[in-house]
Each structure stands twice: as C-alpha cells, then as structure tokens.
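S.K.: The chain contents come next:
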Amino acid sequence: MSAREDILTRIRTALQDSPEAPQIPREYRAASGMGTDELIELLVDRLVDYKAQVAVVQESDVPARIASLLEGAKTYVVPEGLDAGWLAGMGDDGTGSSRRRTDSPAEPLSVAGLDGIDAVVTGSAVAVAETGTIILDGSANQGRRAISLVPDHHICVVKAADIAGILPEALRRIDGTRPITMISGPSATSDIELERVEGVHGPRRLDVIIAR
Amino acid sequence: MTTFLGMPALPAYGSGNLFAGETFPAAAHRELGNAQLRANLGHATHTIRDKRQAVVSELPDWEQLRDAGSAIKESVMATLPELLEEFEKNFTARGGVIHWARDAREANDIVAELVRETGETEVVKVKSMATQEIGLNEYLEEQGIQAFETDLAELIVQLDHDKPSHILVPAIHKNRTEIRDIFLREMPDADPALTDDPPVLAMAAREHLRRKFLTAKVAVSGANFAIADSGTLAVVESEGNGRMCLTLPETLITVMGIEKLLPTWQDLEVFMQLLPRSSTGERMNPYTSLWTGVMEGDGPQNVHLVLLDNGRSAALADGMGRSALHCIRCSACMNVCPVYERTGGHAYGSTYPGPIGAILSPLLTGIQAEENSSLPYASSLCGACYDACPVKINIPDILVHLRSVDVDSKRGTKKLPSQMDVGMKAASWALSSGKRLGLVEKGLPLGRLAAGPDRKITRLPGIAGGWTQSRDIPAPPAQSFRDWWAKEHRDAGSPGQPDPGHSHEPSRDDKEAQQ
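Protein chains in written order, with full-length UniProt numbering: chain A, 1 to 212; chain B, 1 to 515.
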C-alpha cells in the first residue's frame, strides 16, 4: 500500500467515531466602516509604528516624491508594468533613466544582478489599515517577488482606494492563487533578548507613498 | 459507522524528536539549577505575554475570532481525508508535487532524495517545527547534505550545537553576550571586534547568510497553513529569511503536518488575525508569503510538499485529545505557563515544549513511549494556557485525560498493587459511607501523636512522602468537623442554625492559631 493510501486509511480509521463538522460562527468583524481619511490616518500610524517611512501625497505629487527618495540610489529597479507616470520625475534626459533597471518576464534580472541594485519601486495590490499591512500579488505594477526582496530599499506606492480597514476586507479583494507577499514594515527580528531590531534579510528601508 | 477490513486497528505512532529521554521532574530539577536560564526565560515570557495582552485587547472581536478559529479547526479534523485530497488536487494542478510520509524516517528519506536529484549538497532552511520534529538536519548531514538554518535564533542554536528551547524564539535561553561568543567562535567571517549590541549581532548574521541566500539552489521550509480550496501554502515570518528561501532558489521542498489545513481561502482571514497577535504580540508579522504550486516566472520552478503523518493520525484517534492537533504553534501557552517559565523548553525533551507539548508529544508517540508519560503531569492545571490559546484548545482537560490514560496503561502491569492503588481503594472504602468515615476519623489523635510537640508532620511514609518533601503538614485537629458539628448541635432545636446566644469555648487549636 502506498504511503498516501496508508495515511488516508489511518485517518479514516481514527475518525470512526464520525465527529461532526461544526457550523463556523463568523461573528467577527467583516468590515471596518471607516472613511478614506480615517483609513489613511490609521495606516500611517501603524506603518510609523513599524519604523517604515510614510508620505501622504496627492497622486500628482507621486513622481516628485519617488525622485526625491531615489536621490541617493546609484541604481534602482522597476517592474515593467509600473505606472510610467510615476517615474516622470526621473526624467529621460538626466541620470534618472540611466540608473534604471527594468525587470520583465521576458528579461528577468539575475539574483546577482538584483543584489547590486540599491532600490526598488513597486505598486501594491491592497493595504490593511488596522495592521499596517501592504499586500503584493505579483501584478504587473509589482513584478515578481525577487525584485521587492533583494534590493535594500523598497519604495512602495499605495493608492488610497486600495486601503481596506481590516484584514477580511483586504483578503476578499485578492486572488489567493497569485504569488502573494504581505508586508508589515521593514524586516525585523526579536530573537536576541526580545529586543526588536529592524532590518535583517529583507529590505532594511521601507518607504511607503500613500497617493490620494 | 464504516468498517475498514484488513486495516490494523493499532494507532501508528510518531518517531523522531518527540521524546522525553528522562522524566520531566528529573529534567526540570536539573534545568532549575541554571540561574541564567531562569532569568532569561522570566524576562522573555513576561515581555511577550504583556505585548500579546496589549494587542489582543485592541480587537473588539477577539473572542469571536477565537470561536471561529476553534470551529474551523474542529471541522478540519472531522473532514481531514477530503480536505487533504482537495488540497492535493489543487496544488498538483498548478505544478506542485506532493509526497506522503508515514513517519519521520520516510519524510527524511524523501527530502534527501529530492535534494540528491538536484545534484546539490547544500540547502538553506526556513525555521520549521516539522523538520525539527523529524530531525531533518541531522539526517541530511549523515547523507552528506549540509542544511543551513537561516532564522536568526535557529542559526544561533545551530552554531552552538544546542537545541531550541521555545518554538517561537528558540534561542531565548541565551543572552546577548553568550550569542556574541557563539558568533565569534563559530562564524569564520565574524569581525573579531563584534560587540554584543543586538543590531550589531543581527547585521553579522545578515552578512554571514547573504551569500548563501543569493547562491542557494535548494530551500527547505515548513508551512503555517495550507488552504484546501485554493491549493495555497503560507509561511509567516519576520526577518525576510523566509522570503529569501521561498523566492530565490530553483527548488523548494516544504514539509508540513497533515493537520495544518484550512478549508477555504476565507479562513485565512481568521488565522492571520489570531496567529501574529498570539505569537509575537504584533498586530501583524513583518512578512507572510503565499504560493500555490509553481508560480510561473516567479520563484522556484520545482516545488514539492511532503505531507507528514508521524503520529498525527494516532492523535486524531483519541477523541478527547484530538483537538491538540488544532495547534497553530503560536507559543502563547508557553509564555503564560508557570511551569514552562521556570523550567524552560529543554526539560520537556520533545521538539514541542510547554503546555501544548505536554499533551501533543504523548499523543503523537503514545503515552508509554520513553518518559512521555511524565509530561501530562508537568502542569499545575491552572488553566492559563487555555485562556491564552487562540484556537481554544482545552489543554487542562486533555492533561487530566492523558493522566488517566497513563494510569490505565500501567494498570495490571505489576503483580502487586501499587501504593497508589491501595491508597485509592482505602479512600474509596472510607468515603463511601458516613459511618466508615467516622471510623477513620477516630484515628485523628494518632496523627497528632505523630506530629509531636512542634505540631507539624514533616515526613510521611511511602509515596505520600512526595507531599512532605517540600512542605510540612500541620497536626490534625483533636476532633473532626463532623464530630464538632454533632456536639454543637446536639441540643439545638433546628440543626444548621447556630443559637445566637451560644458561643463556643475556643478549642486549644483555636488558641494556638491566635498566638
């Protein structure tokens, strides 16, 4: 008998008392009912608590904000599907575009290549205000997972309309079968005497731009 | 009820790192001698439990989330075969490969073979309880494959050739100076001027592991959840070492217990609220990764999952104990346990320490395995673990149940009745009628005699000596309560209503108590 059959039979034998599957009581909150301003305020509060840098700007000011955050970066990577307008502040005339590396499904950058890049700019799928969580689902404006992981500085744009109040609202908006990364602040560890240290293996610097 | 013909009715118990090699009292006695350990643990458990309390109190619907979590897990256990098949179908449809392992040995063999097929001799690892349970690192080493732990605490424990002492923060028994010394001793690339400042130590670990992450071809992980209706796996972590291992290598091998399933994508909304708050006391952990089979053009293109029984089906067969399998490994029960807080995790022997370990280990291995029958007694039954458990596992009830399983398993194995048997028989006789109890109570003066002039009994004979090992028993009173009551009320008109005009002469014992 295969291990599969053997294990399934063991389980069925163990359940010979036929326990009943209970109804799931879902009386927990399904929505927060918060308005846009409240959502932004709460998300900012949570992100700051995680030691992420946050800026709330008008959508039209996103390019300037990105350009200023990238000032110190010698190179930066963007996914091919990133909103082109967001990079308008980087200019095609100056050094802005020569510093840019574009990752695409047709021409993915190597891991070693990514390791030499200082920063990454991505969009996001949805955010959760209550927990300060940004969810990436690998859509075109976020790219594959490696690009938002290896560079040490992640600049992530969150549109105000994509902010959900609580986790159940957010998870309803995404497809679970996509490659998903939920990010709540920069990487951190509390393994030494429970003292929180921000920045271990993931990006040590997380900049969030909330676009109204 | 269905009958399975030709099937062994005997439960198939687990193997690997699930055993207490010595009795809990003996191990606890030794561990309690380590003052550094107790200081580190006291600080750690109290810090996490305060953080947990703060973030749990924030949620107005915490109890509703616990109710949902508990019911979801109960339904998982009731429909486990169907859910496993559904998960398998969905995960496989997207290019993942599923392997089934009856026990630790089989799981280790499968992983080693999968690594060999890639031609690699090194793997990077995400912290995982399942792979610790089966002793995967040690097995791979025997097979000439080196496994590198990448979680900071696991790295510390691995470098020091030590064992984890807590399931969430495995190196919590070590302080910063000890950790610096381990790094200096075991990391060839460590800066000799390394200080014991935690950020400095974390950066040393980053440097040490960075090259490994960027060049590793094979990663091994556990999984926190597996969602049946989508075929999705989840890893919940903090440092980004998980993301590195789950994203950059070409081959990903995940080892997961069969009980980790959730029926639907929607159920994740419950568990991703329960787990981080119960575990690290955060509103959300820094990183959670989810993958469904092979993600085209993104991450490992060679994706495996080993589904591990290793005694879980045996635990499931125990109707009273099966809810121990609801555990999501958050460690909240450890942080509130007065026993764990003092003895630490090593005293439990098994990979799973603390209150949950005291029930899970004997359920997985059978109560008679090695010294695991001593684990259900490693508790004062105070119930703090039950209150803290995000999926409401009634740990105290299961502890009591397993104590009875232990006693039953030993019944009839000895020719002569034990002292406990004799004592219980005598108590049963004495307590079954008032007359008999009265007769026994006539013996109270004997106890007073044994107490002697200092009115304390300092040593009882036989197994009762366990009680007096660390405390004295005051001398019994000159008369029993029932005798006193009978005397007081002999002449009273209505029994039970003390005569307001009547005040009783204080007995000698009362006078002594007032002195």
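What the hints contain is simulated information worked out from the structure, not anything from laboratory work. A portion of the hints provided could be inaccurate.
What the hints assert, rightly or not - Below, in silico cross-link-like pairs of lysine-lysine (BS3-like), each with a Cα-Cα straight-line distance of 30 Å or less:
| # | chain 1 | residue 1 | chain 2 | residue 2 |
| --- | --- | --- | --- | --- |
| 1 | B | K212 | B | K89 |
| 2 | B | K425 | B | K456 |
| 3 | B | K163 | B | K392 |
| 4 | A | K74 | B | K89 |
| 5 | B | K51 | A | K51 |
| 6 | B | K212 | B | K163 |
| 7 | B | K442 | B | K392 |
| 8 | B | K435 | B | K392 |
| 9 | B | K212 | A | K74 |
| 10 | B | K425 | B | K410 |
| 11 | B | K212 | A | K51 |
| 12 | B | K435 | B | K425 |
Unchecked claim - Per label pair, the in silico range of CB-to-CB distance:
| # | chain 1 | residue 1 | chain 2 | residue 2 | range |
| --- | --- | --- | --- | --- | --- |
| 13 | A | P25 | B | A450 | 54 to 60 Å |
| 14 | B | T215 | A | A84 | 32 to 38 Å |
| 15 | B | S409 | A | P25 | 50 to 56 Å |
| 16 | B | T92 | A | A64 | 47 to 53 Å |
| 17 | B | D181 | A | A64 | 45 to 51 Å |
| 18 | B | R185 | A | S18 | 54 to 60 Å |
| 19 | B | Q146 | A | D152 | 25 to 31 Å |
| 20 | A | E5 | B | L437 | 57 to 63 Å |
| 21 | B | R185 | A | S60 | 54 to 60 Å |
In this text, a Cβ means the ideal position worked out from N, Cα and C, and glycines have one as well.
S.K.: Tell me the numbers of any earlier hints that the structure contravenes, in ascending order.
M.R.: The structure breaks hints 1, 4, 7, 8 and 15; every other hint is satisfied.
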